[in-house]
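Whole structure, please, built from the sequences with the hints as guidance.
Number of protein chains: 2
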Amino acid sequence: MRFNLAIVASALSGSRVSSFVPPHLRSPSSSSSFSSASSSVLHASADSDTVTLGIFGGGTVGGGIVEILTKKRSHFKLLTGKDIVVRKICVRDATKSRDFELPDGCEIVTSYDDILDDETIDYAVEVMGGTTDAKDVVMSALRKGKSVVTANKALIAKDLAEIEGVLASLGAEDAGAQFRYEAAVCGGIPIIRSMQGDFVGANVKLMSGIINGCTNFMLTAMDRDGKSYEDALSQASDLGYAEADPTLDVGGFDARSKLKILMRLAYGMDVDEDEISCRGITELTKIDFEYAKTLGGTIKLLGVAALNDDGSKVSAFVSPCYVTNADPLSSVSGATNAIEVVSDNLVSSIYIGQGAGRYPTANSCVNDIVSLARGDSTPLPFNPKSDMKFANNYESVFFLRLNYRDMVGITRQVGEICERHGVSIHSILQNPRAKDQESAFAIVTEKVEYASILKVLADIEGLDWCRGKPFYMPVLRDDWQS
Amino acid sequence: MRFNLAIVASALSGSRVSSFVPPHLRSPSSSSSFSSASSSVLHASADSDTVTLGIFGGGTVGGGIVEILTKKRSHFKLLTGKDIVVRKICVRDATKSRDFELPDGCEIVTSYDDILDDETIDYAVEVMGGTTDAKDVVMSALRKGKSVVTANKALIAKDLAEIEGVLASLGAEDAGAQFRYEAAVCGGIPIIRSMQGDFVGANVKLMSGIINGCTNFMLTAMDRDGKSYEDALSQASDLGYAEADPTLDVGGFDARSKLKILMRLAYGMDVDEDEISCRGITELTKIDFEYAKTLGGTIKLLGVAALNDDGSKVSAFVSPCYVTNADPLSSVSGATNAIEVVSDNLVSSIYIGQGAGRYPTANSCVNDIVSLARGDSTPLPFNPKSDMKFANNYESVFFLRLNYRDMVGITRQVGEICERHGVSIHSILQNPRAKDQESAFAIVTEKVEYASILKVLADIEGLDWCRGKPFYMPVLRDDWQS
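These protein sequence lines are chains X and C, in that order.
Here full-length UniProt numbering is used: the first residue of the first sequence is 1, the next is one more, and so on.
Here full-length UniProt numbering is used: the first residue of the second sequence is 1, the next is one more, and so on.
Check the hints yourself; a few may be wrong.
Copies of the same chain are indistinguishable here, so a pair counts whether it falls within one copy or spans any two.
Stated by the list, open to error - Simulated crosslink set (BS3-like; lysine-lysine; CA at most 27 Å straight-line):
#1 Lys96 - Lys72
#2 Lys385 - Lys313
#3 Lys385 - Lys72
#4 Lys469 - Lys455
#5 Lys71 - Lys385
#6 Lys72 - Lys389
Hints were generated in silico from the structure; no laboratory data involved.
The structure is reproduced here in structure tokens:
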């Protein structure tokens, strides 16, 4: 697969939007070249004005990509000087009816090799999901010199190092094969490209995000509509927000995969996912939402990675967090995603958008395709590596909720335990309860180490009056942005 | 100015971050080329591994750019394969002391031609401001084949068509001259690049944004701290948020310039700024904030552009707007900016960040410089033109506030006037007032045409009991996102 990117006027003939054509696209007999960051794309060939795609997956996202490419074909010609053509779509069952129209000349195939071995196909678009076949397809396409566009978060989180290795191993003559994955993290939010291009001169101090749509939908339902956990989950499943195995959502694991990828981009570090402390939303109760409301905020499941004060280490976790109502993240409701990036140059940058779905995901894949066709280069798709170290500890203000059986001395005992582990108490909340079963009180600490909180909770759990496992969550903002 | 972009290993020698080097950057005797979208950059030259800058302006932003380029020099080598070097900085007074360190080999000059006529300088960075000399410098640099990076919103808003004309007129041999202006709209928010790259396959239905930091700071102070308009303005001036002539801020004109540029990007239309209805924050009173709070929201100065229902026309305005607390824009406080883009593919995308300041603005300029050095191409920096028409009318729910002298028949008269102009009333608010002077009531309408509201207000203004000019503002969300 060698494609020439020289632009000839014929590429634009018939374009409907032609009121302005820049000189690159106009010069009638120009030998000028759009070129990607590679030596391999500088050869002339007959179909220099066409970019051809093979798509792996003809489902929701694949269909969305085909629809957008069809609808915007002349617009993309104008933007890139290329005709972007879907040549083959690889599906499991060729007889299944599709919810999109097959473009003229596009073939449905069922063997991966029909695309991989086709030297006339320039880009491989992987939207079939999974981490086994999808991995083979992605690796093979790259090795064959095809640029890859993928929406596969799980694959990247699992095999990031290997993908990076393959990209690094490509000889100079194959270096035209680029790797794009905008849709893999937070669907429609352009966070990948932003981390590749908008923070090049900045040092990221903190990333925190609502990066799982299913749980944010559930938390919104529990907080705003007072729904129980079970009702909220069932509604999320009905609406298609939950994974087939909802543990990936409610356990925080989906968010952790995304966080791992974002940490590679922000800090140049490749952390084993299992090293990142991961707590989902299963321990939350109605009382936590009530207390959060009393405190003037709400609860969000956040993925957080933060540089420590001297810039030597990064800590990270996925956890429910208390977020004050003054924070824009607090009003991100439903299945919407949001990411905040705090950096030296830009202070706080927040991106809010759709995290999943047919068109948001397809839109991001199409952005990648158009960017490749336009010749943009991203030689280091995961940004440069660094020697940054991972620390499984961080400082924060914490919210603790303790369920108790009423007896004398509770406050004194909690006070003693906190004192023993150096945890200062900022405030105690205890609303009057109707039923003794629901008796609970909440503590907000001063800024302390996560490790100290774990010790406090372990000690409290051993006390007579403590019912069940105490719940804790970090409080966003009080010092992460110091 | 011809620079070759071939990468040689020496570009990377001495790089501190070298744990991963992609093949493009590694191949020791490679003749492979990073290339921009131009024929003119494919020639080899001696300093192929260096990109040289001339900066016009050595003030706040210019200093920030130099600092970031110095601090991140080796990082940028890794990202682009180039050594990015500031060769000259053009200032008014060469003897003035600077708040940044001059890089080795960088010369302070006082004549524009020292940069413009220097064929060894590849990119011209214009951060001196103004629309006279700055225009000459930008146009001349482009004509001489230098790529331009600018932060100059006023210049672009005023002379967009002319800049576009110059870009279009460049011969193929100068087509390497690109135009970048990320910092010109909302400083640190990457909205320009996003409009160029993240919505290529989408149709924008609505843009609405808090795009003037000074007024948002003032509105926050008036709403949250109960400050008067005068106190808020004086504080904003003290903090450096207001322009020398604060009319540009409080009158909405600065926001309108940005909106004009965003409309060109989103809709391909070049609207005369004066055609866009522009109302600032000068008419707002404490009562408006009180009523907004009663309604569960706040007031923001927004720039809004929206496609009408059949997609044939775009309406736009700058105006104070009522924003409900459930909307993330409501919690964007202080001098922060925010832009929401509603599109078919992505539903709602919101970007929140710093709108101005040394490092946010410099960061965006540096992003542009690095992107150019990396060879990214943006042949149509304002996106393709379209035949979209402008309509000076739109539909919305409106909030009206009327100051009155108490008398019999007010409600009936208002009812009659609204009926006459086809305006349905959704609700009426009237808080008891201590002092008669402050007597006012508010009306929230159903969705109606802006033109009808103007008729209603004109009629009401002529009535005996009406004191002063009635105030109105659109209500965000009720139907813009239909």
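Copy assignment of Lys96 with Lys72, given that the CA separation must stay at most 27 Å: Intra 26 Å, inter 53 Å, cutoff 27 Å: intra-copy only.
Is it within a copy, between copies, both, or neither that the alpha carbon of Lys385 lies no farther than 27 Å from that of Lys72? between (37 Å within a copy, 15 Å between copies)
Which holds for Lys385 with Lys313 at a C-alpha limit of 27 Å: within a copy, between copies, both or neither? within (14 Å within a copy, 48 Å between copies)
Can you give me the call for Lys469 and Lys455, within, between, both or neither, at a CA distance of at most 27 Å? within (13 Å within a copy, 64 Å between copies)
Please sort Lys71 with Lys385 into within, between, both or neither, judging by C-alpha distance up to 27 Å. The answer is between: 17 Å across copies meets 27 Å, while 39 Å in one copy does not.
Between Lys72 and Lys389, at a C-alpha cutoff of 27 Å, which is it: within one copy, between copies, both, or neither? Intra 45 Å, inter 20 Å, cutoff 27 Å: inter-copy only.
Checked against the numbered hints given earlier, the structure satisfies every one of them.
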